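Colleague: Generate the whole structure from the sequences, applying the supplied hints.
What follows is the residue order along each chain.
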Amino acid sequence: MIKNDRPVPIEVHDLTVAYRKKPVLWNIDFSLPEGHLIGLVGPNGAGKSTLIQAIMGLLPVLSGYVKVYGHPLEKNRQLIGYVPQRESVDWDFPVDALDVVTMGRYGHMNAFGKLSKQDREIALSALDKVGMADFAKRQISQLSGGQQQRVFIARALAQEASVYLMDEPFAGVDANTEKAIVALLKELKDRGKTCLVVHHDLHTVREYFDWVMLLNMRLVKFGPTAEIYNEENLRATYGGKLVLLAEAAEKLITKS
Amino acid sequence: MAENLCCLPKPQRNLSRNHNRMDFWELTVRFFSLADANVRQVIAGSILLGGAAGALGCFAYLQRRSLLGDALAHAALPGVGLAFLIVGQKEFVPLLLGATATAWLGALSINAIDRYTKIKLDAALGIVLTVFFGLGIVILTHIQKSGSGSQAGLGSFIFGQAAAMSRQDVVALAVVTVCMLSVVTIGYRHFKLVSFDTGFAFAVGLPVGRLQFILTTMIVLAVTVGLQAVGVVLMAAMLITPAAAARQWTDRLPRMLMLASIFGMLAGLFGSYISFLKPSLPTGPWIVIVVSGIFAVSILFSPRRGVLIRILRHYQHRGKITRDHLVKSLYRVGMERENWYAYYPVSEIAHMWSFTPTELRSGLSQLTAQGFLEREVDMYRLTQNGVSAGARVTRLHRLWEVYLTRYLELPGDHVHRDAEDMEHIITPEMEEQLSQMLDHPVFDPHLQPIPYPTEQKGV
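Sequence lines, in order, name chains A and B. Going by this note's numbering, the first sequence opens with residue 309, and the numbers climb by one from there. Going by this note's numbering, the second sequence opens with residue 2, and the numbers climb by one from there.
No wet-lab data here; the hints were simulated from the structure. These numbers were taken from a predicted model, which means no experiment stands behind them. You may find that some hints are simply not true.
Straight line, CA to CA, 20 angstroms or less: simulated PhoX-like cross-link-like pairs of lysine-lysine [as the list claims (entries may be wrong)]:
| # | chain 1 | residue 1 | chain 2 | residue 2 |
| --- | --- | --- | --- | --- |
| 1 | B | Lys119 | A | Lys563 |
| 2 | B | Lys119 | A | Lys559 |
| 3 | A | Lys497 | A | Lys330 |
| 4 | B | Lys146 | B | Lys91 |
| 5 | A | Lys437 | A | Lys529 |
| 6 | A | Lys437 | A | Lys497 |
| 7 | A | Lys330 | B | Lys119 |
| 8 | A | Lys563 | A | Lys330 |
| 9 | A | Lys425 | A | Lys445 |
| 10 | A | Lys330 | B | Lys121 |
| 11 | A | Lys497 | A | Lys487 |
| 12 | A | Lys425 | A | Lys437 |
Partner residues are not named here, just some residues of chain A that face chain B (Cβ under 10 angstroms, in silico) [said to hold, decoys possible]:
| # | residue |
| --- | --- |
| 13 | Pro351 |
| 14 | Gln386 |
| 15 | Gly389 |
| 16 | His416 |
| 17 | Leu473 |
Each residue gets a CB set at the ideal place from its N, CA and C atoms; glycine is no exception.
Modeller: In structure tokens, the structure reads:
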């Protein structure tokens, strides 16, 4: 089998995304290499969350496309595991931890909402994988931040996907949870899965991720951490917005 | 004669004469014995509406779209008037169609305003609600002015008159309720995920748009068919209040749905009962008063979140703090005088700490009952358990001081206040952790010895 012929997990081509008439992503172009842990790094407002959401089809794109293993998103949705930001959800909702993780299996539900025994077992084992099996029946508002994050990750694991998109999974978690999540990511990588993870702590990038994507409205650099994660590229990423580009793009969007 | 705006339905003469002759008990028996076909109809209609709206309202409540039901109900009013104008009399199917049509128009307007203008959802709701309602009042007033005889009864749409519901209304409500039950049962997981995490619902491929459409349609149907029982103005209460009340009692969604339904049904039943006793008053407000009463009880008395329960727990904690201070003070005095088991009069104990007379009295009697103190007339002394308890509180206080000075590196004179609070809160597990972490220290930052137990008995 020739490696070049195999479709990449996620291919993004010439993606431009606007959020409320403001350009957030401009001509983004990349193909994720399979089986790697990729850190997505950039300053505030760089469009990291927007990129994840655009790939998931949650935001309208102005131009460009996304392909999942060579096919459009609608066809291969079930191959992507998604971990949204923790504050995107009301944690006062009357469900327990196991309920949330089981939601990861809802893609396999038929129209009558039936889940098989196997689905339930997958959910339970995903909860166990993140060390939260004892909390299965705990109402989610009674969980700490780190525990909530683990539940979210377990839900994505229950999806049994091939590529995982995670939006700031390390935000506001305790040290133990962070270690546990990193171990989980490494295990996913060992099993050949691909992970794209939005990350905010520059100091741990080298330790956690073997590939890194530097983003600031446009793709600054994308490649193996050892090669491209250096001061020069970081300065280019964090060195202020491209004001002229932002203004021009805004005019273009308003006019069209 | 100036006719009043069609707000309150005109009292029906014959009925009130009969009613005036019957007394309270006769009326009650007549209502609950279900002997009267009219009464059966009223009860059925109110209960069905209460149950359906209560359950549907849960999803709107959890999605933070509670006021949507309010807007939809108000938007149904012009449809009622228009249907009457077109058909010429109060007929069930046209009125229902008219109400549903304008309610749906209202829903679409809200969505359009939210999506295509800078106006946010809450303002969009308010605008649509008031515009449609105003239009509805104008149409209904015009109908009333035109003096058409068969318009009697249109007024019941504003504040509700359960007795005005026809048999067809009740049958339609039953059909809607059955539909709603099946939809909610089949689509339970779908609605749960869409309400909890819309983004993830999209991600796993659920048809979010279609599901929200179904939910909105169900709410529109429940609202329009049940409009006559509660009225446009107060329909929101049937959707919001049962859900809010139910949330106080449970953390599980299936139970919340069931409780909200039951609360809605009770409100429907008792609201129409009260209205039956006095037919000159509209039903809507009575149903709402009953459901609000249920809500008030829920807010105050629910075991987990109730206000009164929290106040109770607060006072229980205060009592524990007083008892801790008592044993701690007696222990400390006993240490100084090198005699644990001396008797002290109440007056002297009162000076060992700042107690109010009530706190002191109840603290002493509780400690005696629990076996930490022994009493002789008006003198008290520690028992062996009491000495251990006093030692424990002292130990927790001093351990915490060591923790603060060592780990937070706070100076010695800063740690006393903090330890005063923490000594009542540290659990045995935390105590064990602290002890190990600090390597069983012998002295606190003020060079006072830390008493360790030979036998552990807590307060």
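Colleague: Is the hint on Pro351(A) kept, meaning its closest Cβ partner in chain B is under 10 angstroms away?
Modeller: violated, 23 angstroms
Colleague: Within a Cα-Cα threshold of 20 angstroms, do Lys425(A) and Lys437(A) meet the stated pairing?
Modeller: holds, 18 angstroms
Colleague: Check whether the Cα positions of Lys497(A) and Lys330(A) lie no farther apart than 20 angstroms.
Modeller: Status violated; Cα separation ~36 angstroms.
Colleague: For the pair supplied as a hint, Lys119(B) and Lys559(A), is the alpha-carbon distance within the 20 angstroms limit?
Modeller: holds, 19 angstroms
Colleague: Are the Cα atoms of Lys497(A) and Lys487(A) separated by 20 angstroms or less?
Modeller: holds, 15 angstroms
Colleague: When you check the alpha-carbon spacing of Lys330(A) and Lys119(B), does it fall within 20 angstroms?
Modeller: holds, 14 angstroms
Colleague: Is the hinted pair Lys330(A) and Lys121(B) satisfied, with a Cα-Cα distance of at most 20 angstroms?
Modeller: holds, 18 angstroms
Colleague: Has the given pair, Lys146(B) with Lys91(B), been kept, meaning a C-alpha gap of at most 20 angstroms?
Modeller: holds, 16 angstroms
Colleague: Please verify whether Lys425(A) and Lys445(A) have alpha carbons no more than 20 angstroms apart.
Modeller: Answer holds: Lys425(A) to Lys445(A) is near 18 angstroms, not above 20 angstroms.
Colleague: Quickly compare the C-alpha distance for Lys563(A) and Lys330(A) to 20 angstroms and report which way the hint goes.
Modeller: Roughly 12 angstroms between the alpha carbons, so the hint for Lys563(A) and Lys330(A) holds.
Colleague: Next item in the hint list is His416(A). Is there a CB on chain B closer than 10 angstroms to its CB?
Modeller: Nearest chain B Cβ about 9 angstroms off; hint holds.
Colleague: Quickly compare the C-alpha distance for Lys437(A) and Lys497(A) to 20 angstroms and report which way the hint goes.
Modeller: Holds: Lys437(A) and Lys497(A) sit about 15 angstroms apart, inside 20 angstroms.
The structure fails hints 3, 5, 13 (numbered hints given earlier, in ascending order).
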